[in-house]
Amino acid sequence: SQQGEEDPQALSIQEGENATMNCSYKTSINNLQWYRQNSGRGLVHLILIRSNEREKHSGRLRVTLDTSKKSSSLLITASRAADTASYFCATDAEDNFNKFYFGSGTKLNVKP
Amino acid sequence: DVKVTQSSRYLVKRTGEKVFLECVQDMDHENMFWYRQDPGLGLRLIYFSYDVKMKEKGDIPEGYSVSREKKERFSLILESASTNQTSMYLCASSTARVPDTQYFGPGTRLTVL
Numbered sequence: 092s093q094q095g096e097e098d099p100q101a102l103s104i105q106e107g108e109n110a111t112m113n114c115s116y117k118t119s120i121n122n123l124q125w126y127r128q129n130s131g132r133g134l135v136h137l138i139l140i141r142s143n144e145r146e147k148h149s150g151r152l153r154v155t156l157d158t159s160k161k162s163s164s165l166l167i168t169a170s171r172a173a174d175t176a177s178y179f180c181a182t183d184a185e186d187n188f189n190k191f192y193f194g195s196g197t198k199l200n201v202k203p
Numbered sequence: 006d007v008k009v010t011q012s013s014r015y016l017v018k019r020t021g022e023k024v025f026l027e028c029v030q031d032m033d034h035e036n037m038f039w040y041r042q043d044p045g046l047g048l049r050l051i052y053f054s055y056d057v058k059m060k061e062k063g064d065i066p067e068g069y070s071v072s073r074e075k076k077e078r079f080s081l082i083l084e085s086a087s088t089n090q091t092s093m094y095l096c097a098s099s100t101a102r103v104p105d106t107q108y109f110g111p112g113t114r115l116t117v118l
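Taken in sequence, the protein lines are chains A and B.
All residue numbers for the first sequence refer to the numbering used here, where the first residue is 92 and numbers rise by one.
All residue numbers for the second sequence refer to the numbering used here, where the first residue is 6 and numbers rise by one.
These are calculated hints, taken from the structure and not from any lab test.
Computed from a predicted model, the values in this text were never measured in an experiment.
The reader is advised that the hints may include incorrect statements.
Only pairs whose alpha carbons sit at most 27 Å apart, straight line, appear in this in silico DSSO-like list of lysine-lysine [unchecked claim]:
#, chain 1, residue 1, chain 2, residue 2
1, B, K8, A, K198
2, B, K8, A, K117
3, B, K60, B, K23
4, B, K75, B, K8
Isolated chain A, as found in the complex (with noise of 0.2 Å):
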């Protein structure tokens, strides 16, 4: 499967903590983005990285991207009890950049 793959699959954190998490994937890709997820709704986008690019950042989140490897990584600093959610990657398809594959996510829960 070309989905990425998020680990770790649940992440428990105190307030103030930094979370990261990480994401391998299996083929080629030009675009990883990375999505949050509010229990029992829909996707939300956070930041998108290019296949050129190493490092990108948005407020609080940032984001690594190490092709040679095939993986990236999402660091939230500072994190709030509101950052509970689940974080999923997303990497585009090799034969249609519009199409992106989800890996399973990481469930974070940040305590108060």
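Given chain A, put chain B in place with the hints provided.
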């Protein structure tokens, strides 16, 4: 503000029924997608459409069909619902620009009894 709406949040149907799930986007997006989400399996693409009346199979199209008669509306049809189609169904849309993000609806939790 970008908006993708789905016709129902929760739906309960019986085995063998024909089920219609509707998705509407108000952003004039060319691409629309249907996914199903199951625990431990992530999101799996059922069908997507890149233009009116155009469609492509995703990874798990069996047991499903789709219809896109108007640009803003993409329907997922379960011809004869089965219990293994009990799932969360998510619709998304995006522009034809590459790359682009996908905008998701709130999801429909379908239970087939």
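Cross-check of the supplied hints:
no. : hint             : verdict
1   : K8/B with K198/A : 25 Å, holds
2   : K8/B with K117/A : 33 Å, violated
3   : K60/B with K23/B : 20 Å, holds
4   : K75/B with K8/B  : 16 Å, holds
In terms of the numbered hints stated before, the structure departs from hint 2 and from no other.
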